[in-house]
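With the hints as extra help, turn the sequences into a complete structure.
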Amino acid sequence: MALEDYRSDMEMCCRCSICKFVPLEKLKEKQHSYVCPSIARYNYHTYSGGGRMGMGIAMLEKELEYDEKLLEVVYNCQMCGACDISCKYAMDMEVLEPINEIRIKCVEDGHTLPVLDSVINSLRTQGTMIAGSKARRGEWAAGLEVKDITKQQAKVIYHAGCRVCYDKDMWKVAKDAVKLLKVAGIDIGIAGESETCCGGRAYQMGYEVDFLNQAKKNMEMIKKSGAEILVTGCADCYYAFKVLYDKFDLKGNLEVLHITEYLARLIEEGRLKPTRKVNVKVTYHDPCHLGRLGEPYLHWEGKPVPGHIRIFDPPKEFRRGTYGVYEPPRDVLKSIPGLKLIEMDRIKEYAWCCGAGGGIKETNPEFAGWTARERIDEAESTGAEAIVTACPGCEQNFRDAIKENGSGLKVYDVVELLAKAIEKGGH
Amino acid sequence: MIAEDKLAAIVSAGNINRERATLEEFSRDMSFVNAVKPGCIVKPKTMADIEAIVKLANETLTPLVPVSSGPPHFRGDTVPGIGGAVIVDLSGMKKIIRVDRTNRVAMFEPGVTFDELIPAVAREGLRLNMPLLPRRLKSVTGSLLEREPVVMPKYHWDIGDPLACVEVIFGTGDMFRTGAAAGPGTLEEQWTAGGAQKEAAGPSAFSLYRIIQGAQGTMGIVTWASARCELIPGLEEPFLIGSSKLDTILEMVHWLIRLRLVNECFVLNNANLAAIIAKRWPGDYRELKDALPPWILFFNIAGYEYLAEERVSGQIVDMTEIAQRVGLEPVQAIGEVSASELLKAAQRPSGEPYWKLRHKGACHDIFFLTIYDNLPGLVDTMFDEAKAIGYPTSEMGIYLQPIVQGTNCHGEFNLFYDPGNRSESARVKELSERVITSLMAKGAFFSRPYGTSTGSIINRDAATVAALKKVKSVLDPSNIMNPGKLCF
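Heads up: the sequence lines are chains A and B, in that order. Offset between the first sequence (1-based) and the numbering used here: plus 28. Offset between the second sequence (1-based) and the numbering used here: plus 1059.
Just so you know, these hints were derived from the structure itself, not from any lab. Check the hints yourself; a few may be wrong.
DSSO-like cross-link-like pairs, simulated, lysine-lysine; straight-line CA separation at most 27 Å [said to hold, decoys possible]:
hint, chain 1, residue 1, chain 2, residue 2
1, B, Lys1304, A, Lys54
2, A, Lys368, B, Lys1114
3, B, Lys1102, B, Lys1114
4, A, Lys305, A, Lys245
Computed, partial: chain B to chain A, Cβ under 8 Å [claimed, not checked]:
hint, residue
5, Met1089
6, His1313
7, Gln1383
8, Arg1384
9, Gly1386
Where is the CB? At the ideal position from N, CA and C, for every residue including glycine.
Okay, here's the thing in structure tokens:
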């Protein structure tokens, strides 16, 4: 697909601006009505989903020249998909796909940001998006006694992801995840030093070729290992393996599960029994790539039927966020004795982004921090003591924002809290 | 007190009843209001009879309690508030005055029940927008005047629908016709001129039907009513959707009504659906209830005279797409319950015994209006209060009826209980009184306050009470019409 393939989607935009907000029918509180961080921060239509549609058409028509301002708009977006899902509440059109295609076109035309080029250079040379990292990729798993899938067969492969591997603060979450799976008796392995980036963020930054290279490498290794299930604790990786790999017909029969999906399943089957009390009042933040963007990819091949009304033959089903992963993390939290879960105003399909996605953490850390602060304020307004999420990217960004601005709110991963509730031996 | 001979001069002696057993029957109902014995029961036959009775009551300052439905009564509005009252029993006024196919409207007297009116309008290819399985002896006029919610929100344009016009004898003894029926000319002259007494508003900007509806007989006595009717569909495809998530069910309801895809559309919990469908008690009921999901959405897609099949199949495609979008699966049956069986049930009054009485012999309803967003919170509040008082939440019936094009929703909790069990009755009474304040705090609007909770609801709005009293002083200056009800 190319930007041109989404011309009719972009032309569908009627500037209703619903892409900026939580749909009226779903709105709970005026204070938390914005759903798109980009328009909420920069307050100019072009920064919104609808504005980007107009921009895409102008680029196709060659009415816009590449300049600093154009690139500023293009890259000041977390690619969180909130505009896409809000729009699709009442409309049948793609929004996030053309926004992604605009970035791909920018890369193809050689117009990118230097900081992104350096990130991609790291991907090309070191197999990770974390540029300049010194730590060894597999160091996090030291002492875990877990199978190395490059040498041994395992049914399940645990993919830790770049953010976990190169951030010592995140190691504990990955270790807890592996330990919990082992307690439940899962035949699990990791790729250790051989694990490389999923490539998902490269795709969302517009580097399609690099993403495809990465995806092919990963799938080759996974196929060779014989693993049937890939489990990851990172929402970005989950989206890449489950959705993007499928979009490009690379996933095959691999079952992709987020760690919270697997843990919820194991709790339901009685293979994990949270019995220890964890007395804490928490609110849950839906990571964009696990929630609204985490629903399966829908393969469709067809064409629009000529006429005034935009319909397709065969009828096209749209991904509207309905089948994202919303309940499993909540189910895990609810299974923990003593834990009280309070919901924020913007949740599930209409969750506010943590701010770290789409390359923003690298290109515009101020904007990433601003977006995280908005979410922290929302979490604090619930009266919760902690914000819990299920993605290292979100956790890291929340922690950075709290460190910078101060807040009594604690940040947890769902896995960490479950680990506290499981006694040794699994019950 | 009206002398019997004077009443007999109006309705004849045979239509006056002072038998002890009958007076006892009218002195109480299934609600928790105090029992008060009436002086007598009188059965008028015509508008002139009613006019004369009201005039006589004004002369003697005798309270009148209009009653149009047969027993059992549930809401305390037909139990006299003052001793010595005369029950004006309208159940004998059974004339169906007119059914107008062209204008889709029917006119009938207050004693006409659903069982009687349904076949009469069906002969003209029409049907009523019904409340959910009304009891067999429920008066259609009574139901309309009480603003009972109807099951087809698509044809519900105003909170007063489907009531059109009424003829009423006010407490002053004056006859008045509301809406289009107000004139000019007699009814016959209006018919000759093509009039149909369908427009509820009027005359001019004076829409008196809004005062009469919900007044519980405190303003006057209605002698006939007309109601909007709908066409009988040529083809119907009903569906059920079960889920444990109420908010997802409500999302589906929102879309179905917003896109005007469905006729009948309502939500029941498992206890209520089982109570409606179960044939053998208590075995069937338990089995059905346990097998059903917590929430069940019912809706019906219909086609009419032209291109019925094309319309229905097209709308099913649209509906299926919405269901996929929302994450639900429409089916034609859930376990033993088929959608077509429920459709048939919903298009008739309840069989005997009344469905709300089958489980335990008695039922107390708590109902209000609200918006969809508030409903899950209101259900939680109700459950919390029920648990605190020891009423089993799994036994509670819940009925959610979107109304007025889905702009808001009637919420109803049905508290089934054994009237012979004193502690159970006391628990239900306490719960029904206690929970009102909590529900109001969470966004429940009690637009139809009845019985013992009326005071705590209506007294929250002193300005409205003052305005209502002013209106009452004009229409019923001697306060003879059902005194003791609402704020009068």
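Now for the hints, and whether the structure bears them out:
Annotation: proposed proximity of B:Lys1304 to A:Lys54 holds, straight-line Cα distance about 15 Å (limit 27 Å). Between A:Lys368 and B:Lys1114, the direct Cα distance comes to roughly 65 Å. Violation of the 27 Å bound is thereby established for this hinted pair. At roughly 16 Å between alpha-carbon atoms, B:Lys1102 and B:Lys1114 fall within 27 Å of each other, so this suggested pair holds. In summary, the hint linking A:Lys305 to A:Lys245 is not supported, as the alpha carbons are separated by about 43 Å, beyond the 27 Å threshold.
Evaluation of the B:Met1089 hint against chain A yields a violated restraint, the C-beta minimum of about 38 Å exceeding 8 Å. A hinted interface residue such as B:His1313 counts as satisfied when its beta carbon comes closer than 8 Å to some beta carbon of chain A; here the least separation is about 6 Å, so the hint holds. The interface hint given for B:Gln1383 holds, since its Cβ lies 7 Å from the closest Cβ of chain A, which is under the 8 Å cut-off. Taking 8 Å as the C-beta cut-off, the interface hint given for B:Arg1384 holds, the closest approach to chain A being about 5 Å.
With a cut of 8 Å, the hint placing B:Gly1386 at the interface with chain A holds, because the nearest CB-to-CB distance is about 4 Å.
In terms of the numbered hints stated before, the structure departs from hints 2, 4 and 5, listed from lowest to highest.
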